[in-house]
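Place chain P on chain Z using the hints.
Protein sequences, first through last, are from chains Z and P.
Residue 1 is where the first sequence starts when you use the UniProt record's numbering, and the numbers rise one by one after that.
Residue 1 is where the second sequence starts when you use the UniProt record's numbering, and the numbers rise one by one after that.
These are calculated hints, taken from the structure and not from any lab test.
Warning: the hint list may mix true and false statements.
What the hints assert, rightly or not - In silico contact screen, one side only, chain P against chain Z (beta carbon under 7 Å); selected entries: (1) N101; (2) V104; (3) W107; (4) G108; (5) H109; (6) S116; (7) E120; (8) W156.
Stated by the list, open to error - Have a look at the derived ranges for each label pair, beta carbon to beta carbon: (9) P:N110 x Z:A169: 31 to 37 Å; (10) P:E305 x Z:A109: 57 to 63 Å; (11) P:E185 x Z:S35: 50 to 56 Å; (12) Z:N97 x P:L317: 43 to 49 Å; (13) P:D164 x Z:M1: 54 to 60 Å; (14) P:D46 x Z:L126: 33 to 39 Å; (15) Z:L271 x P:D51: 30 to 36 Å; (16) Z:S35 x P:D218: 28 to 34 Å; (17) Z:S35 x P:D164: 38 to 44 Å.
A virtual CB, placed ideally from N, CA and C, is assigned to each residue, including glycine.
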Amino acid sequence: MTEYVSTTPGLFPLPDWAKDDLSDLKGHQKHDLVSGDEGEEITAAYEDAREEVIGVQQEAGLDRVVEGQLRWDDMLAHPLAVHDAVETRGIVRYYDNNNFYREPVVNGALEFSGDVASELEAASELTDDLQAVLPGPYSLADLATDEQYGDEAEFLGAIADFLEGEVDAFPAHETLFLLEPSLVENAPEDGVDERASEAIDQVASATDADVVVQPYWGALEEKVYAHLLDADIDAVGFDFVANQEDNLYNIQEYGATDDISLGLADGQNTLVEDPEAIRERVDWVYDQVPVTDFETVYLTTNTETFYLPYAKFEEKLAVLAEAADLAEVKAA
Amino acid sequence: MTTNENKDQFRPEGHENDHFLLTTVVGSYPKPKWLNRAKELYQDPDHGFDDDDYQEAKDDAARLITDEHERAGLDVVVDGEMRRNEMVEFFAHRIDGYEFNGPVKVWGHNYFDKPSVVSEVEYDESWLVDEYEFTAAASDRPVKVPITGPYTLANWSFNEAYGDDEELAYDLADLVNEEIEKLVEAGARYIQIDEPALATTPDDHAIVGECLERIVEDIDEEVRIGLHVCYGDYSRIYPEILEFPVDEFDLELANGDYDQLDVFKDPEFSKDLALGVTDVHVAEVESVEQIEENIKKGLEVVPPEQLVVSPDCGVKLLPREVAYGKMANMVEAARNVEADLDEGNVDVERGAPAPADD
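With the rest of the complex left out, here is chain Z (with noise of 0.2 Å):
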């Protein structure tokens, strides 16, 4: 029987208060972003406002808890910009979003970091049901500027290390999500996408827990899909709100993972989905493709949803938990 999980992939907006906190106690220019080594009331700042996302997550009933990546200035490319092998230099736009993060360039070498990590021991500490989120390593290498490699694939390479190190420091978790829009909004070329599969599959080998790879804002070329299916992960991602035609073709065309993540609730608009309709839309896809049974389900927003206020980011959240009772409910 399928089991219906309902989760997000992270990156959710500050709670109001902690907005108006840090923006008085961080400052708003290019500097005054996240460093790495915040003094304590930051920290505090960013404790409360965790403590806080992560319990707006259990009170919505979320199968998956997520620690939140409220300090994540950068978005995905947050990893690197604290590393210290890295310099943060002008600001420039996230993918085709009115958001811009600090360019990150590497320019030494990409040693363990480890502050993913303790974010994730103080989520533990507050779920038994973390799920890790991290940017995939060809996303990632794909944010960031390289002055030390010097060389497209050892780059990746040298990323795919790092998270890869970065991941074994985790506290257990049950889901790790690898979040890959680059891998539809900067397809890899010939010979680059065999090696972004490689890369996933290096980072996904790090972990006991499920791998999920959510690419989105929109559907991966086919040729991308099928080296990705090559990974040892547990399931691929499809963004449903922005591309239903392609992602279909895709799973139809070449099959799919046991489980599947759909991204069936938009991460980047205001309006909140009735959660009958999510739960049709999950019918829809199963009508449409040739696989009769997904061992998990993972039900979600397409993207991150720091893009939300923070009042209709709530409902979101619970919209996606009831559609999940809905669709298990409808299984049984």
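Structure of chain P alone, referenced to chain Z:
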């Protein structure tokens, strides 16, 4: 010297040079500190500073900054957008169909109240006629009215009500058209549509073009319509934008040290070029000589009669004295280049760069 009637309607009486390089600003200007303080008092429920007090403060600030633009010598002035908070929020508050759900992140700890469109957008009260009439009364010089364009208003909102953003943008364009009709009725002759969102999604230039067709419908041709675009890869929208029904393109180029200038040389730039000649992201006032050099960059693209001189973008994030210094030096530089042009002392080759050998 050929003339350009649309531009020359803004030529001051008794202008000192034969050539005329119209000087203006994009729109926003740093708010005086006391205005921000007044806003805090107004928002403080425990304070007696009321609606009328805050209105008076905004009027005073609008007068002050309009006057500051005059002192800097600008040919066409703006009130520095003293009454506006943010370029989408301000308009969304005045359009039926929008609602606000709280702040969202732009970058770091910089947020804005990104509104949601929850039902069909409709024109309610006028957005800018009061602002225009006040500024026009406060100055003897022509006043430009910047309006956030429909494409940006659509793109930088959550769209809950329309099938897609394109449909929403067209409905908003009809509202902008209605507003411009009212502004023209009130005497406005220079309108600037701001479309910074086009830089994020350059492939949508056809949508912006269609929006502009709606915006200018039934608007007298004498009314000068500009389009401001900033911080993007211009090669992805040029030359397509030349088809847009506008008189002027206002472009940010100083920030990139004119590395994109060649984009506009081929094919020939057939509209007026409002060239960004001071960088609004550098808090140092460029010298008059430097700005003269920048102005001459524009002459590589268009002849003097098609050239307008302006900063890259709104200057509201600069310290006020720096903003003023940039305006004043910009005007001085423009007048110097005009005088040089009069005397035939400017030797700039215009047109397509020689093709590289390959």
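These are the hints, each one checked on the structure:
Against a cut-off of 7 Å between C-beta atoms, the interface hint on N101 (chain P) holds, since the closest Cβ of chain Z lies about 4 Å away. This hint holds: V104 (chain P) has a C-beta 6 Å from the nearest C-beta of chain Z, less than the 7 Å allowed. With 7 Å as the threshold, the beta carbon of W107 (chain P) comes within range of chain Z, its nearest partner Cβ sitting at about 4 Å, so the hint holds. Checking G108 (chain P) against chain Z by beta carbon gives a least distance of about 5 Å; that is within 7 Å, so the hint holds.
Restraint check, H109 (chain P) versus chain Z: the minimum CB separation of about 4 Å is within 7 Å; hint holds. Checking S116 (chain P) against chain Z: minimum C-beta separation of about 4 Å stays under 7 Å; hint holds. With 7 Å as the threshold, the beta carbon of E120 (chain P) stays out of range of chain Z, its nearest partner Cβ sitting at about 15 Å, so the hint is violated. Evaluation of the W156 (chain P) hint against chain Z yields a held restraint, the C-beta minimum of about 6 Å falling below 7 Å.
In this structure, N110 (chain P) and A169 (chain Z) meet the distance hint of 31 to 37 Å, their C-beta atoms being roughly 32 Å apart. At roughly 58 Å, the beta carbons of E305 (chain P) and A109 (chain Z) sit within the given window of 57 to 63 Å. Taking 50 to 56 Å as the suggested C-beta distance range, the pair E185 (chain P) and S35 (chain Z) conforms, at roughly 55 Å. For N97 (chain Z) and L317 (chain P), the Cβ-Cβ distance of about 21 Å falls outside the hinted range of 43 to 49 Å, so the restraint is violated.
The supplied range of 54 to 60 Å is broken by D164 (chain P) and M1 (chain Z), whose beta-carbon atoms lie about 38 Å from each other. Checked against the hint of 33 to 39 Å, the pair D46 (chain P) and L126 (chain Z) passes, with Cβ atoms roughly 38 Å apart. Remark: the range hint 30 to 36 Å for L271 (chain Z) to D51 (chain P) is upheld by a beta-carbon distance near 34 Å. One distance hint, 28 to 34 Å for the beta-carbon pair S35 (chain Z) and D218 (chain P), is violated here, with the actual separation near 56 Å.
The hinted range of 38 to 44 Å is satisfied by S35 (chain Z) and D164 (chain P), whose Cβ atoms lie roughly 40 Å apart.
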